[in-house]
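Asker: Listed below, chain by chain, are the residues.
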Amino acid sequence: MARPSFFGLLLIAPALAMIGVLFLYPLGFSLVSAFAGPDGGASLASFHKAYELYSTDILFTLFIVIVSTLLTALFSIAIAGILTLSETPWLVSVLRNLYRWPLFIPFIVAAQCMRTFLAKNGLMNNSFVALGIIEPIQATSLLDWRGIIITFVWKQVPFVTLMLAGAMASIDRATIEAGRNLGASRLRVLIELVLPQVAQTLLVGLVLSFVTMLSVLSVPMMVAGSQPTMLTVDMAFRINSYGDYSTANALGVISYIIAGTVAWIYLRHNVRREAQA
Amino acid sequence: MSGKTVLSPATGSFPLKNAGRADVRRSAPARTWAFGSTLLKVLALALFAFLLFGPLANLVLWSVAERWYAPFKLPVSYGMRYWEVVFRPTGDAMSSLATSVAIACLTVVVALAVSVPAGYALARLRLPWRTGLMILFLLPQAFPSVAIYINVARVFYGLGLTGTIPGVVLVHAAHGLVYSVWIAAAAFAAVDRDLELAARNIGASPLRTFFTITLPLAAPGIMASAIFVFLESLDEFTGTFFVGVPQVTTLPLLLYNASMGGNYQIASITALILLVPSVLFMIVIERFLKADVLSKVGQ
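In the order they appear, the protein sequences are chains Y and W. For the record, in the first sequence the residue sitting at position 213 is 213 according to the working numbering, with numbers rising by one throughout. Count along the second sequence from 1, add 1000, and you get the number used in the working numbering.
If you're looking for bench data, these hints aren't it; they were derived computationally from the structure. On a predicted model such as this, the values are computed, not experimentally measured, just so you know. It cannot be assumed that every hint is accurate.
Which chain Y residues face chain W? A few, computed with CB under 7 Å, are given here [claimed, not checked]:
no.	residue
1	58
2	60
3	91
Now the in silico label distances, taken between C-beta atoms and shown as ranges [stated by the list, open to error]:
no.	chain 1	residue 1	chain 2	residue 2	range
4	Y	137	W	1067	21 to 27 Å
5	W	1192	Y	98	37 to 43 Å
6	W	1038	Y	97	16 to 22 Å
7	W	1212	Y	263	27 to 33 Å
8	W	1192	Y	192	55 to 61 Å
Interface residues of chain W toward chain Y, partial, derived using beta-carbon atoms under 7 Å [stated by the list, open to error]:
no.	residue
9	1039
10	1040
11	1049
12	1054
13	1058
14	1114
15	1117
16	1136
17	1144
18	1150
19	1151
20	1194
21	1237
22	1257
23	1259
24	1296
Every residue gets a Cβ at the ideal spot worked out from N, C-alpha and C, and that includes glycine.
Take the sequences, apply the hints, and build the full model.
Answerer: In structure tokens:
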């Protein structure tokens, strides 16, 4: 087992070739295309154009994804916290059976659900009116930036909660009991004792959610048709309407940079943690 | 049923975990407080359930609504007319369903054909830069995919692969590769090495050991990875949107076109069809993905 196995490389080669042809090559293509000028030389012209046309959308995308990630974190911590610390068995049991439902629902189905649910005449407003919570005149359509955030959070909370609740279940109960016995409230136990022990899992879940939300095309197209919109929609528009690959790829590179920054924050946190350990 | 609770006969309330902290005979204010707290929990759960299932309920309502317009809060008339339209053998939906399932099956075949050997190599053989290779398979999932797909479409256009089933299958297979490779590697890693050694000791060839011992033992995990890949392919929208149009219409594309065209009935029924495999999957996955395999995913 000492020397690298030639046979092993042979076995993995087809899978590597597939990643190379279908991922690395197009990735290189997008970088080259983004930095290519009209005369063929290297240039930042596409980025200039992308910034001029879509600077609002870049900020909008960042806003949507960051707010959605923060809300996902908040709800996931709340649900996982209740599942771990609640002393009401029926509550835990009902919640455990409820929260997972959106987990395997595709984004495009979630988008279609929300397209009808959040509309001015959608089920949400209608139910609130029927219950007398709001007046019919107060019903507003949430099919704009709020709709995108709601759809993302609805779809991602179960995923992060599943990871988080798993991590919380595996930590040492003794620390929780000790905290409770010393008179700490459950909220305080959650924030000061439980969360620090599962921070790593939470961070992984949030980084994955962030990048996923950054690359979803169907939700911004279907839930909010208006301007401003997210970078994925702009890229599709540049290609389908103008065949403008250089600007689309410049936007693509901008989204890589956003995703890369998040990955970098995650890795830096990891390194710091390992240095402490 | 882990969450099953039994009413305690003595107090008529739920048994408390920390009985020492709660008085069995509560004073009147404490009872009111407990009742208020329970009411609050029930209300919060009800709101949570509404927000969780409301969007899905709206989907179901649209699928059986023949006429529904403002200001009516519920459909004006119900019926299965649109289901008949969708399931008509000549309908777009049935051909899209057939296309989707065919693409998903081919994607599973392609993905397993490359990931079973790769997973075995990663789990059992000595590879240089093993961690790097594992991360390489993760990258297509970790990158904003629209930017990749527009360039894949451009490359495929030159090769005559845009608008073809093989083109879409390749895109889906690359996208699902992280699941198939990682889960296959975990499945092979979870196979007890002693069993393989025992087979070799009594004279089985390496190939025979693989096919009679290793592969059958890893099969449930590989099955789980196949289900993952199948579902990913069935639900995939962005890649098909760039590589498949206009010739290849899968269910997600049909759903998108119907929804943007304002035909909410067709869109909702298509969405419900897409939900069926996902829900079935949620039920069967625990049978295929065992804890010993799960604990080795990504290692």
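Asker: So which of those numbered hints doesn't the model satisfy?
Answerer: Of the numbered hints given earlier, those the structure breaks are 1, 2, 7, 8, 9, 10, 20, 22 and 24, listed in rising order.
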